[in-house]
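Colleague: One letter stands for each residue in the lines below.
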Amino acid sequence: MAASLVNPAGLARSGGKRLTLGAQGAFSNLHINDRRTDLSEPAGGVFGLTAPAPLGGALAGRIHVGLGMYVLPGSIARIVARYPDEPFYPYYQGRTERLVIVPGVGVRVTSRFEVGVAANFMAGLGGALQASEGSTRALDARVDEKVPAVARVIAGAAWRPLDALRVGLVFRQRFEVPFATRAETEVAGEPIDLDLRASGQFSPSQLVAGVAWLTSAATVSADVTFARWSAYPGPFVEVKSELPLVGPLAGELPTVPWKDTFGGKLGVEAPLGDAVILRGGYAFETSPVPAEQPGVTNLLDGPRHTIAAGVGLVHTRVKGKRVRLDLHLQTQIVQGRTLRKTVFAPGEDGDGFDGLRDEVTDNANDPATQGAQISNPGFPRIDSGGQVFAGGLTMEVEL
Amino acid sequence: MLLALTATTAAADPLDEFGFGSGAAGVAGARTATARGAEAAHHNPAGVALGVHPELLLGWGYGAMQLEINGRDARVLDVRGTSIGLAVPFTLDDDWTLGTGIALYLPDQFLARLQLIPSNEPHFVLLDNDPHRAVVEPVAAVAYRGKVALGAGASVLANARSNKILFDVGIVGGEKVGAAELDVELPVRLAPLVGLWAQPHPRVRAGLTYRGKLALDLALDILANVQIAGVVTGDVLVSLRASNYFTPARVSGGVAIDVLPDLTLAADVTVNRWSTYPAAADLAVLIALDIAPPLVSSTVPPSAFTDTVDGELGIEYRNRGRRTDVTVRAGGAWRPSPVPPQVGLTSWADGDRLVLTAGGGLTLADWAPILTRPIDFDLALQWHHVAHQLTQKQIDTFPGEAFSSGGNIFHAGLSATVRF
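Here the protein sequences come in this chain order: A and B.
321 is the number that this note's numbering gives to position 321 of the first sequence; each next residue is one higher, with no gaps.
If you count the second sequence from 1, you need to add 399 to reach this note's numbering.
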């Protein structure tokens, strides 16, 4: 089931009809200064199904289809865009609160080469509201808000040049859930227009290469990942407005230099007798968030170390069906960082990301206005770091 | 300033309108007693435990909405979308079988659309928007000896709700600046689905289903805080409440009789609780801030929809070949309108509907070794005639013009059912 998302080519090796059910969750021990911060949707359900295409002859057993789903308990998706100065962890907060639906197909081209493709599905929200006084002086309102489908590709290949060696390559297309709404109202001749745009649940385009060494004693695998975070539009909301007595005004957004990330993973899987499999692994990934943020933003993150362990109980029989149980536990350690702010000198101009401005113009007759008046919650410094603990249990049933 | 809008448009499930899979569409949806496997996920959840092998149904349909208001094209969006069904049976022992499945319908253009049209503007309140939404129906069932089955599940939809949309306008360093934050959620809504199926005689099958009511509610509150000292202070709240895709609670009963071993007659009767359709538009404007325009508000009378009873009749003939089976289908349905006479402020167009259908299918039943399991290919054609009617207003009480409405819907669909 996991192959739909990890590498769809792996579906071609799934063999037989299998149903997977499970649950997973996470707990945050991430800190903003001395305060712990939570994840908004920390738990969800897992569902998966794989089956061979009903083809015989030369195509027998070569094509498998699969479906992987992650289901939140009460929501399909959530789009959160914050004030530019709000301290939060953009890697964790606003990227995991959505239903995931990934159908895929894997094809065994030769006995040593497989390819696969899957689609990552979701929905957005966009449209417009127009209202003005009608002929009866009541409001005539027109609303046209659409929930469009969003689909992005995951493609993969796997090659086994030697009996003991398998290599793989995966591309995951950038994914995000868009939100846009335009409210155009007119009352008593006064326009009240608000145009909002944001995107949530962002995942960058990723390229992953992996290698696995298979022996009777253990399987050792290693992955390297490149993620194009530099294309991230940011976790903020873009606003254009026209309000009574205020006139046209657009929200000012800082230009954040997001960093592309590189990561590496190393995993070991070893059987313990016929019925138990032990697993362990370590991963490291650089942070997409700039380490220096002298201006308005307080985007918290750091290089990430992941330590994982798991156990699988295989070939248990329930009502004559083969069942496999898999349990995993994981700790992600986010390295600590301190962000220090810079205040622009009087008359100095620059992007909001590069420095803070004195918010109150100095008045020689008012001592309270003298010096820098800053309300940014990260001023003069803000500390971050911590851990995220995750775990899950799945049951795979042979149909 | 407070601007509050509340409005509703009504709809039934798009799969109720055109059927789930072309096999069901060819018999006008009279499938409560005969659905098994993937198509049962929508037509009777009990049937997902009646299949032998896992099934995947893939279909696509297109409907030309040739509807008119005042003799002109009513500009109702054509219907097109993909149906996906899945049923996975598990045989526990010789007596008991479990099954799980899901019915999905995905419109091509979007998953859903929230549409609000001024209620005094003539438009098709049911057909304007109702066929244009995604349907998600996960179900599970248990069957005993293939004679009795019970299924349950949910029809899933989402609301669209803003927990917070704030736009702050103020002065920083002597300049006007704005900053915003936003928290929008698509929370899940569920309506229960229950199905019962029985085969009291080798040639007779009966089914009963219940589905709760469902709707998609939009709640967007956009608050702009303005703090420009000496110029203007206060706030502006644009608050939108709209409810779309109201799908009434319904109970369907169906009977199917194999008149001959290869000829089946099926009939369904469905009671739709349209009388619970919520009140329509309620608009108000509360003015504050420094500009002080007057309060604007309106009250619209209750929708007063009436419960309806639909009837569907279908016939299916199967010719079993050596390797390939051929099936021919026909059906008809009568769907009365729940919309009351529009003599007041609202101008909702609708009409009683006559539905005639025809279809056919090929089953590649024994094509080993090319195919290891049978595959079905089905085609269906439907004609929905919406009765023409002339609506005249009570001119003394409500201003407004008379309007006429009616028309036709032509729908065609193809589907394939693959077993694994």
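I should point out that these hints are in silico values taken from the structure, not numbers from a laboratory.
Careful: at least some of the hints might be erroneous.
Said to hold, decoys possible - Pairs of lysine-lysine, DSSO-like flavour, derived with a Cα cap of 27 Å:
| no. | chain 1 | residue 1 | chain 2 | residue 2 |
| --- | --- | --- | --- | --- |
| 1 | A | K146 | B | K612 |
| 2 | A | K17 | A | K321 |
| 3 | B | K563 | B | K575 |
| 4 | A | K240 | A | K146 |
| 5 | B | K563 | A | K240 |
| 6 | A | K341 | A | K259 |
| 7 | B | K546 | A | K321 |
| 8 | B | K575 | A | K240 |
| 9 | B | K612 | A | K341 |
| 10 | B | K546 | A | K146 |
Stated by the list, open to error - Beta-carbon label-pair distances, calculated as ranges:
| no. | chain 1 | residue 1 | chain 2 | residue 2 | range |
| --- | --- | --- | --- | --- | --- |
| 11 | A | V314 | B | R721 | 41 to 47 Å |
| 12 | B | P599 | A | Q130 | 32 to 38 Å |
| 13 | B | R672 | A | G247 | 20 to 26 Å |
| 14 | B | P599 | A | V311 | 37 to 43 Å |
| 15 | B | D507 | A | K240 | 28 to 34 Å |
| 16 | A | A209 | B | R672 | 22 to 28 Å |
| 17 | A | G74 | B | D507 | 26 to 32 Å |
Glycine is no exception: its CB is placed at the ideal position from the N, C-alpha and C atoms.
Colleague: Against this structure, judge whether each hint is valid.
Modeller: Results of checking the hints against the structure:
1. A:K146 - B:K612: Holds, at about 22 Å.
2. A:K17 - A:K321: holds (11 Å)
3. B:K563 - B:K575: holds (23 Å)
4. A:K240 - A:K146: The hint holds at about 20 Å.
5. B:K563 - A:K240: Holds, at roughly 17 Å.
6. A:K341 - A:K259: holds (20 Å)
7. B:K546 - A:K321: holds (24 Å)
8. B:K575 - A:K240: Judged against 27 Å, a Cα distance of about 13 Å means the pair holds.
9. B:K612 - A:K341: violated (54 Å)
10. B:K546 - A:K146: violated (44 Å)
11. A:V314 - B:R721: 41 to 47 Å: Roughly 44 Å apart at Cβ, these two residues keep to the hinted range, so it holds.
12. B:P599 - A:Q130: 32 to 38 Å: Because 57 Å falls outside the window, the suggested range is violated.
13. B:R672 - A:G247: 20 to 26 Å: violated (51 Å)
14. B:P599 - A:V311: 37 to 43 Å: violated (50 Å)
15. B:D507 - A:K240: 28 to 34 Å: With a Cβ separation near 31 Å, B:D507 and A:K240 satisfy 28 to 34 Å, so the hint holds.
16. A:A209 - B:R672: 22 to 28 Å: violated (57 Å)
17. A:G74 - B:D507: 26 to 32 Å: Given about 28 Å between the Cβ atoms, the range holds.
Of the numbered hints listed earlier, those contradicted by the structure are 9, 10, 12, 13, 14, 16.
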